[in-house]
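Using the sequences plus the hints, can you model the full thing?
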Amino acid sequence: MPAALAFVRDRVPRPTLRGWGFLVAGILLLVVMNVMQRRDLSFVALLVLALPIVGAVGVSLNRPKLTVDRRFTPELATAGSEVNVRLLVQNRGFFAVGHAVWFDRAAAPLVAGARAPFPRLRRSGAGVPTVFDYELEARHRGQHQVGPLTLLLSDPFGMVIRSVRVGGTDVLTVTPSTVPLPRGAVRLASGAGSAPTSRQLGGAGEQDVISRKYQTGDSMRRVNWSATARLGELMVRQDDQQNDQHAVVILDCAAAGYAAGQHRFSPEFEWAVSMSTSIALHLLGEGFQVRLIDAIGARFDPSSPEELLLHAARASVVEAAHRDDAGETVGDHASASVPVSVDYRLAVSRTESALGDLPPLFAVVGRLEDASLHSLASAARFSSGAVAIIVTPPGAASAGWALASRQVLESAGWMTQVITSDEAPSAAWGTVDGERLVL
1 MPAALAFVRD RVPRPTLRGW GFLVAGILLL VVMNVMQRRD LSFVALLVLA
51 LPIVGAVGVS LNRPKLTVDR RFTPELATAG SEVNVRLLVQ NRGFFAVGHA
101 VWFDRAAAPL VAGARAPFPR LRRSGAGVPT VFDYELEARH RGQHQVGPLT
151 LLLSDPFGMV IRSVRVGGTD VLTVTPSTVP LPRGAVRLAS GAGSAPTSRQ
201 LGGAGEQDVI SRKYQTGDSM RRVNWSATAR LGELMVRQDD QQNDQHAVVI
251 LDCAAAGYAA GQHRFSPEFE WAVSMSTSIA LHLLGEGFQV RLIDAIGARF
301 DPSSPEELLL HAARASVVEA AHRDDAGETV GDHASASVPV SVDYRLAVSR
351 TESALGDLPP LFAVVGRLED ASLHSLASAA RFSSGAVAII VTPPGAASAG
401 WALASRQVLE SAGWMTQVIT SDEAPSAAWG TVDGERLVL
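The opening residue of the sequence shown carries number 1 in full-length UniProt numbering; numbering runs sequentially from there.
Since the hints were derived computationally from the structure, they do not count as laboratory data. Only a predicted model underlies this, so the values are computations on that prediction, with no experimental measurement involved. Every residue, glycine too, gets a C-beta built ideally from N, C-alpha and C. One or more hints might be untrue.
[As the list claims (entries may be wrong)] Cross-link-like lysine to any residue pairs, in silico, SDA-like; alpha carbons within 25 Å at most:
#, residue 1, residue 2
1, K213, Q289
2, K213, P305
3, K65, A25
4, K65, V54
5, K65, T150
6, K213, E307
[Stated by the list, open to error] Label pairs and their in silico Cβ distance ranges:
#, residue 1, residue 2, range
7, R139, P394, 12 to 22 Å
8, A399, L346, 26 to 36 Å
9, L310, G395, 30 to 40 Å
10, V35, P117, 41 to 51 Å
11, Y214, E423, 48 to 58 Å
Okay, structure coming up:
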């Protein structure tokens, strides 16, 4: 059925509003001719009916042979930014493309480009393409399909129209928006006014400082200014650590923990991705080796900021598994859902055994299932310092589940903050009061 619909959509011309008007007018003239016995109206009726039919035949025979090369600038976009899309189109056929309008399709939640007149494109000579540009708003993080180029072919009188898809699709990668974090310690004072605990992010271990040339993605905090002045080019410190610094960042990806709306978009989950990525970027810039753990316990070790951003762009919520009456896990047609439950204690303990020293632990989570919450609370024992950020919908910072989760985590030794998705990410680590994190 989808193939048949695609054939009808791409091959069969459709009357426009003007075309429908001519068809209805022609039929009415034929009826009036028969009722009133006016043979002289036959020529007019047939002419009115013939215009849409001839237009449909002409549009059906117009089969453009075009090639399309699509390029994005920048190739790696940030959520909320504008992306320039350039189409390089060449006509490989012998005939020019007739009357047409073009636009570039885009998968939701992206919005397709605006429609514009397509020029009369003759056969391309010497391989010189015709260039089309438009701006695409990269509203949401993720990997989005853009294309194919769509032509709306029409006859000269605008009686019929036919949709023709040209070329393939390309993937636009949109990374989450991130915020640079100030350098310092991680601390959190309890609501009861107890003294804050701290852990310095940097300087761990005895170091031998070696300078190397600056590379894209290096933190400006690691610039060795004395070596830069001596050598006349930007140099950064490459610390040879006697104690390798490691850190673990947990991102809760369980769909049940976030309120997803249209196109499965969740502001809470996007906030969580941005926050966890900002923390991981900060740790990488400070010389940490970072390990990411997601909602299914999978581990990822980014070696560069670019690799981390690509990984964050691909992050998505994990749907609940399903079981049938016999207890077997099945697909989407199951009768009962099984919540996504992760043994974070096991995932972090494996990380700790692989890394050696106890690493600092950061977790950005939504509404956790009970088993996942308690395993996350227990994971604090495998870290040198545990910081948790609980993301809630707007106005739900005092929700019972959020306060209960905070109590469970703090009782296990976590430094915990509850943040709503409409707050600025800086609210999680600012210095407004004693209950803010400083990373």
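**Asked** Any of the earlier hints contradicted here, and which numbers?
**Response** 3 and 11
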